[in-house]
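Q: Here's the letter readout for the chains.
There are 2 protein chains.
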Amino acid sequence: MVDIAARVWNHKWKIDPIVRSLIDTDFYKLLMCQSVYRNRPDARVTFSLINRTSDIKLAELIDEGELREQLDHIRSLSLSRGESTWMRGNTFYGKRQMFRPDFMDWFETLRLPPYHLEKRHGQYELTFEGSWPEVMLWEIPALAVLMELRSRKVLEAMGRFELQVLYARAMTKLWKKVERLRDVPGLKIADFGTRRRHSFLWQDWCVQAMQEGLGDAFTGTSNCLIAMHREVEAIGTNAHELPMVYSALAKSEDELREAPYRVLADWHEEHDGNLRVILPDTYGTKGFLDRAPDWLAGWTGIRIDSGDPAEGAETAIAWWKARGEDPTRKLVIFSDGLDVEKIVELQARFAGRVRVSFGWGTLLTNDFRGLVANDALRPFSLVCKAVEADGNPTVKLSDNPMKAMGPGLEVERYKRIFGVGQQTAREVLV
Amino acid sequence: MVDIAARVWNHKWKIDPIVRSLIDTDFYKLLMCQSVYRNRPDARVTFSLINRTSDIKLAELIDEGELREQLDHIRSLSLSRGESTWMRGNTFYGKRQMFRPDFMDWFETLRLPPYHLEKRHGQYELTFEGSWPEVMLWEIPALAVLMELRSRKVLEAMGRFELQVLYARAMTKLWKKVERLRDVPGLKIADFGTRRRHSFLWQDWCVQAMQEGLGDAFTGTSNCLIAMHREVEAIGTNAHELPMVYSALAKSEDELREAPYRVLADWHEEHDGNLRVILPDTYGTKGFLDRAPDWLAGWTGIRIDSGDPAEGAETAIAWWKARGEDPTRKLVIFSDGLDVEKIVELQARFAGRVRVSFGWGTLLTNDFRGLVANDALRPFSLVCKAVEADGNPTVKLSDNPMKAMGPGLEVERYKRIFGVGQQTAREVLV
Chain Y
1 MVDIAARVWN
11 HKWKIDPIVR
21 SLIDTDFYKL
31 LMCQSVYRNR
41 PDARVTFSLI
51 NRTSDIKLAE
61 LIDEGELREQ
71 LDHIRSLSLS
81 RGESTWMRGN
91 TFYGKRQMFR
101 PDFMDWFETL
111 RLPPYHLEKR
121 HGQYELTFEG
131 SWPEVMLWEI
141 PALAVLMELR
151 SRKVLEAMGR
161 FELQVLYARA
171 MTKLWKKVER
181 LRDVPGLKIA
191 DFGTRRRHSF
201 LWQDWCVQAM
211 QEGLGDAFTG
221 TSNCLIAMHR
231 EVEAIGTNAH
241 ELPMVYSALA
251 KSEDELREAP
261 YRVLADWHEE
271 HDGNLRVILP
281 DTYGTKGFLD
291 RAPDWLAGWT
301 GIRIDSGDPA
311 EGAETAIAWW
321 KARGEDPTRK
331 LVIFSDGLDV
341 EKIVELQARF
351 AGRVRVSFGW
361 GTLLTNDFRG
371 LVANDALRPF
381 SLVCKAVEAD
391 GNPTVKLSDN
401 PMKAMGPGLE
411 VERYKRIFGV
421 GQQTAREVLV
Chain B
1 MVDIAARVWN
11 HKWKIDPIVR
21 SLIDTDFYKL
31 LMCQSVYRNR
41 PDARVTFSLI
51 NRTSDIKLAE
61 LIDEGELREQ
71 LDHIRSLSLS
81 RGESTWMRGN
91 TFYGKRQMFR
101 PDFMDWFETL
111 RLPPYHLEKR
121 HGQYELTFEG
131 SWPEVMLWEI
141 PALAVLMELR
151 SRKVLEAMGR
161 FELQVLYARA
171 MTKLWKKVER
181 LRDVPGLKIA
191 DFGTRRRHSF
201 LWQDWCVQAM
211 QEGLGDAFTG
221 TSNCLIAMHR
231 EVEAIGTNAH
241 ELPMVYSALA
251 KSEDELREAP
261 YRVLADWHEE
271 HDGNLRVILP
281 DTYGTKGFLD
291 RAPDWLAGWT
301 GIRIDSGDPA
311 EGAETAIAWW
321 KARGEDPTRK
331 LVIFSDGLDV
341 EKIVELQARF
351 AGRVRVSFGW
361 GTLLTNDFRG
371 LVANDALRPF
381 SLVCKAVEAD
391 GNPTVKLSDN
401 PMKAMGPGLE
411 VERYKRIFGV
421 GQQTAREVLV
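From first to last, the protein sequence lines stand for chains Y and B. Everything in the first sequence is counted per our numbering, starting at 1 for the first residue and increasing by one. Everything in the second sequence is counted per our numbering, starting at 1 for the first residue and increasing by one.
Hint data in this document are derived by calculation from the structure and do not stem from the laboratory. Since we're looking at a predicted model, the values are computed, not measured. Possibly wrong hints are sitting among the right ones.
Identical chains share a label here; the pair holds if one copy fits it or two copies do between them.
In silico lysine-lysine, DSBU-like type, Cα no more than 35 Å apart, as pairs [what the hints assert, rightly or not]: (1) Lys342 x Lys173; (2) Lys12 x Lys153; (3) Lys176 x Lys153.
Given only the sequences and the hints, what does the whole structure look like? Please build it.
A: Following this line, the structure appears as structure tokens:
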């Protein structure tokens, strides 16, 4: 039986929207947005798209008209009643009313601000300017739209069965990973793959496969819409954006040096338990931990997002010990460029020494490597970052200089102020 | 949008029928049925199920009640108007009105005769007795039902995603074969996999994958229902059943010796062109060809269905040459236990020397080897054969003694009469 109404309805769409909800975004974006809305509501920021894989010419692959249609569609979105109910009524990390009523009132009326788009040197210059709590919400949908338009472009020329077999292969590939992870004792792993997913439907499939395949070892997804639909935990804490913008807003060198701790002090007021997770690498992990106030050592965990992950975890463990904390009660979240073998290796090395957890991103939701001609679906490193705040450029140093950002002189100034010396470069796959 | 009506309708089925049409069968069954209906309408035969893979205990795997329900459902089927129109109106092998009006009138009123089922030693004894043109139509649906009930049993315990990944793997596996065959110049290949398919829907998928993947190199399917739905050629000629029953009906040794040729003489009257294909191995290919009348050398081709296929083709080529025929104008159809590597090898060896064609069966429509635990979906060798005609046992010698059938004394008598000496045994996978 053909459902005629459904078919006619489907044909009414002018486009096939990639992002269909304001909560088709990472949970930590909403947490950070609430923090920013409370603490820095008047900051003016610019976010900008940066394709770190420059040989993938997005402006040649993706039609500008289609990109504009998708971005315009996102600007038409507002929080639905059900989404608002989920945010207001749900328990996140064991806590009710995670989102304050004043924030929800604001969020319910929000529409995303305008974007600025032009082509340059085969890439898109896509920027968003305006008040921080509004602009910051562009990051994830903008990335998801570009990633999926690129997927669609590559798939355009494929036949019906070729497509079916492509997804069959991708499913087979992912399931093999799931089966490998199933055998890892004590594993705790979440989906962090929204921003660089192959497509929304594919991420949704990946989450369901993890649910069925891993059971309790699968702790949830960073994607709020999928968490709501699939009734799993929404996962995430905070990101580099906070220290980067706080630092750019600093009025003096002393204020700058204190900015990363100021971020966490604001966070400390609002959150406890598993939400108290330090992301220490924005201006070098070592210096950050050395200078950290003691109350930070009382936090629940550390997220390792650049540099050699094992080294990062050892640094964290040594730091906790030095501060008189018991590392076995602490949480280490690995979230940088993970794939199965690395996960297995890190779990084997650190299980028992700390509480280990994984945020698995691109190679969960976008591993189509080797599945089409010319590897045209290989993942690539697209980011959308705060590049300016109140007229000052932002800077990120990271533990991997390949992930550093900002004007050269500013980078040097930050390195001096934060005492960052020689760093080891590591290839950035995603 | 959920189609409520479709969902309610689906829930009304008491069972999920495996065979839903009388033409969900091999095309050559219908061709042979028409021949039998014309030439031997009064012969009484017994068909019997034989599982040559005795370590797969079908009666322990498959519930008897479910099997009866499926067989009873088949007995409730009759030719639909659209099916009749397709058979009457279609062009088969370039010929209109392949099926005579008198045969169609009879077929339109046909319902399949009763079956007899009991369990013995972990296997089902399933037999069909009655008039030959009716009973013979049980063979393919009976096999398809048992194959698919076995598949269902193995799949019963699997989760939703495990199932999806299983089919993803099977699709990936088949598509790899299709991609391999795509590179073979001059290939002509058809689906012969109805009787031992994994399931109806899977066979239907395989046919569509071959259509899209191979284009004109895919010449059609033996399955009439799928040929009708997918608008591809229905493919097939004749089978061992004809010489086996004709031989069992022979009243003297001379008549017996002539029986295999008598079959083809009846066939000769009715068909020409690509339907004139000799199946020479029932009582040994060599003796059959040596004693064959000259008019048979004028036939279009030979189908190789047992023994070493390259050897069989060489025998055919030598025979045509000896009879003054040009082998390059003759057709050799390989149809025994084929898989991709064998197909590639045979095509390379015989292309240009004869017209080569392949009938690909079980390893097209049922290659789930290695995809589930304990290889529980591996294909196995189930057949349903005429074992008796007018009270006499049937005999098949084949070019492979592992495929021989019949009571020992009868086999010896046939070997003597047909001058069959030492034979080489070859493992029967499917």
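Q: Run the structure past the numbered hints and jot down the numbers of the failing ones, going up.
A: none
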